[in-house]
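For the sequence shown, position 93 matches number 100 in the numbering used here, and the numbering has no gaps at all.
In short, the hints are calculated from the structure, not lab data.
Be aware that one or more of the hints could be misleading.
What the hints assert, rightly or not - Taking lysine-lysine pairs in the DSS-like style, the calculated list, with each CA pair at most 25 Å apart, reads:
hint, residue 1, residue 2
1, K164, K44
2, K68, K44
3, K68, K83
4, K164, K68
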Amino acid sequence: MAAIDPRVVIEEFLDSHDLEFEQKDANTFLITLPGEKKLQTHCALIVGDHSLSINAFVIRKPDENEGAVHAWCLAKNAGMYGIAFAINELGDIFLVGRLPLAAVTDREIDRLVGAVLQYSDSSFNPLLELGFANSIRREWAWRLNRGESLANLEAFKHLI
Numbered sequence: 008m009a010a011i012d013p014r015v016v017i018e019e020f021l022d023s024h025d026l027e028f029e030q031k032d033a034n035t036f037l038i039t040l041p042g043e044k045k046l047q048t049h050c051a052l053i054v055g056d057h058s059l060s061i062n063a064f065v066i067r068k069p070d071e072n073e074g075a076v077h078a079w080c081l082a083k084n085a086g087m088y089g090i091a092f093a094i095n096e097l098g099d100i101f102l103v104g105r106l107p108l109a110a111v112t113d114r115e116i117d118r119l120v121g122a123v124l125q126y127s128d129s130s131f132n133p134l135l136e137l138g139f140a141n142s143i144r145r146e147w148a149w150r151l152n153r154g155e156s157l158a159n160l161e162a163f164k165h166l167i
């Protein structure tokens, strides 16, 4: 029995779930996942020779409390399915994972993409509070001073 091409599995999954995606090349799928707190999470599924890599941007390098942000991420890693928080050489925070090609099924892609969306969305506000509180306060004051909308900052009102 011939193995199913993981690229076909991924493309069929993305099409059947009406997810916005672009196939950058034969092995790379760039997906935009809609969220509630983090409005969009950009995720790449990359088919390699032996494994599927999952990479999703969460937030840029924290402006403050970098150690506390990293500790928060490490504490969360222990209970996460299939992916984990990681930082790149610039200090930006990502969700990353790897799956053997033989394990690439519709169900497993669903679980991993769902995990990326859940972890990215649920971690977004806590990470902003830990790593960008002073920036949020400055933005709040700037908008208030100019009569601008505070709607998308309401979740952080307790920081003011």
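K164 and K68 were given as a pair; does the straight-line alpha-carbon distance stay at or below 25 Å?
holds (22 Å)
Mind checking the alpha carbons of K164 and K44 for me, to see if they're no more than 25 Å apart?
holds (15 Å)
Hint check: K68 vs K83, CA-CA at most 25 Å. Holds or violated?
Given that 25 Å is the threshold and the Cα spacing comes to 18 Å, the pair holds.
K68 and K44 were given as a pair; does the straight-line alpha-carbon distance stay at or below 25 Å?
holds (18 Å)
Violated hints for the displayed structure: none, as all numbered hints are satisfied.
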